[in-house]
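Student: Protein sequences, first through last, are from chains R and U.
Under this note's numbering, think of the first position of the first sequence as 303, with each following residue one higher.
Under this note's numbering, think of the first position of the second sequence as 1146, with each following residue one higher.
Note that these hints are calculated values from the structure, not bench results.
Predicted, not measured: the structure shown is a model, and the values here were computed from it.
Note that CB positions come from ideal geometry on N, CA and C, so glycine has one too.
Please note that a few of the clues may not be correct.
[To be verified] When the alpha-carbon atoms are kept at most 27 Å apart in a straight line, the in silico DSSO-like pairs for lysine-lysine are as follows:
| no. | chain 1 | residue 1 | chain 2 | residue 2 |
| --- | --- | --- | --- | --- |
| 1 | R | K475 | R | K319 |
| 2 | R | K538 | R | K475 |
| 3 | R | K450 | U | K1221 |
| 4 | U | K1317 | R | K448 |
| 5 | U | K1317 | U | K1221 |
[As the list claims (entries may be wrong)] These stretches of chain R come out as covered by chain U in the derived footprint (C-beta under 8 Å, 3 or more residues):
| no. | stretch |
| --- | --- |
| 6 | 337 to 345 |
| 7 | 377 to 385 |
| 8 | 523 to 535 |
| 9 | 542 to 551 |
[Unchecked claim] Here are the computed distance ranges between Cβ atoms for each label pair:
| no. | chain 1 | residue 1 | chain 2 | residue 2 | range |
| --- | --- | --- | --- | --- | --- |
| 10 | R | A447 | U | T1289 | 26 to 34 Å |
| 11 | U | Y1266 | R | S322 | 14 to 22 Å |
| 12 | R | H488 | U | A1478 | 54 to 62 Å |
| 13 | U | R1370 | R | D455 | 45 to 53 Å |
| 14 | R | P383 | U | I1463 | 34 to 42 Å |
| 15 | U | R1272 | R | G381 | 15 to 23 Å |
Residue strings, one per chain:
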Amino acid sequence: MTAMDPGMESGPLLQVKGLSKRFGGFIALDGVDLDVQPGERLGLIGPNGSGKSTLVNCVCGTLHNETGTVHFAGHAMNGLPAHRRTHIGLARSFQLPRPFMSLSLADNVRVPLLYTVRRRSGLTRSGADLDQRCLELLAQVSLDAKAKRLPSDLTQVEMRKLELARAMAAEPKLLIADEAMAGLSHSEIEDIIALLLRLNQQGITIIMIEHIMRAVMSFSQRIAVLVSGRKIADGKPEDIVNNPEVVSAYLGQ
Amino acid sequence: MRPWKFFLLALAVGAIVFALALAARSDYLFFAGFVVLQFIVLATAWNILGGYCGYVNFGSAAFFAIGVYTAVALHKIGANSGRYLSGTVAEFLQPLFPLSIAALVVLSGAVAGVIGFGMGYLTLRLRGVFFAIATLAMAVVLQTLVINWDFVGGSRGAYVIRPDSMTIGGFKLDYIQYLFAIMLVLAVVALSVSRLIERSRLGYGFATIRDDEMAAEAAGVPTLRLKLIATTISGAFMGMAGAPYPYYIGYVEPAGTFGLQYAVNSIAMPMIGGTTSWMGPLIGAVMLGSLQQIATVTISSAVNLLIVGVLLVVFVIIAPKGIVGLVQDWLRARARP
């Protein structure tokens, strides 16, 4: 493993090359290439079943790709278990929220603090410090009032926010938000976008996977489009919406 | 409460229990109490893997038996070291024999811990019911091995003749009192370790494994390593619980030591007490263990498993989170306006 400092290198933070994944006879991803530069805000769009979540799963180690390579922050990711990738600085939220149901909200965000942040920085925070940090993280998604409640008390929307807070807690270099905004109201979407922009300004690279085009358009500096496991377009948002291939894929022509 | 404070407090409670039992001047109390304490250790050990991590182990009896037979084998080697060990080794080890029960507990724990680690390594990629089936299969394999292992008596069984009494620091204790004391200390250690795990980083990791392994990995929890730690600790404590047993019972044979009662009780006790806290197995073991001892003398020993079975069914249906869960829900409901 090359232990380069990502701040020192000039290449992309995330580099996906020729990634393919099949489930039995179904080809979910077919030779996908994707580069993400440090500090970039990338939107990843595509119709349902186009392979967006599979791509995230392969990048994060939840699934293992058959061919192709993933490099992140100078590390080869192939074969690394998901938790190692999180330690290196990849964090993701799940499309369908997967909170730890028997742990309180505060404890849900405490887990990445205990297992990723503390491990990385080598600092042992005191208990009170940790409690404080958990509340801060929950406050960023306005869930701090429910810190002691269980996830089963939350609405679907709140679970999505918790999912995002837990991903943020790992203090990642790259945050992948997999449909963090589905089902949210307009003002809540604005809140989440503002939060993601704030994180981006702090230097966190962000990939947003979203169906809500208004959110993707206003957030992304660049958009990649997946259709049937292939990347059919990659470019500036205004070019993407005018791309005839993208339009036909979305309208099903 | 700090872990060492809890340990000292639990030790003090144990000392009081021991003093009360001595004051009652009843040998039966020690015989019955030993079994209850043994189940506290077994239930607590099962709960570290089954309750904290959510991996149901049906092979508790096998780990218990590993402890039993490690003690039997070491006892036999110790009694005839010249016969079973080559000259220099025997000479070198001679001063160590006969091993004290405490030493046997530690060694049995080590053997069972290693086997727990091995079992974990082979089976932990299986999830849910498949893991449970694998542990059951492992128990059958180990039982077959012991049946065919002539050194520890095979299916004939083995006798272990225990001394009448034991003198510790000038105190003369009946041997059953000595065994009771050892099991008491072991129960205190097991509960302290269990409580320590529950409130530590490890405990949070275990809880995430129980809830959602994929999300746990995404949060940076090394799930496989944690599960191996759990199978090792759990197996080790079950083995430790088995080590004094041959001295307690005097005669062991595979059908008894691998018996259904150990596997069923070590699952039922935490389930009835509550699996998410160290208190659950304690409550379950004290309750069910005492009930079984009372049933044994008042009704018949055959009714034991029936009681356990009925209670388990009742709790799984009515209170799946056990007694501790019931109390927690009640407190939570009361705290909310």
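Student: Please list, smallest to largest, the hint numbers that this structure does not respect.
Tutor: As far as the earlier hints go, 3, 4, 6, 8, 9, 10, 11, 12, 13 are violated by this structure, in ascending order.
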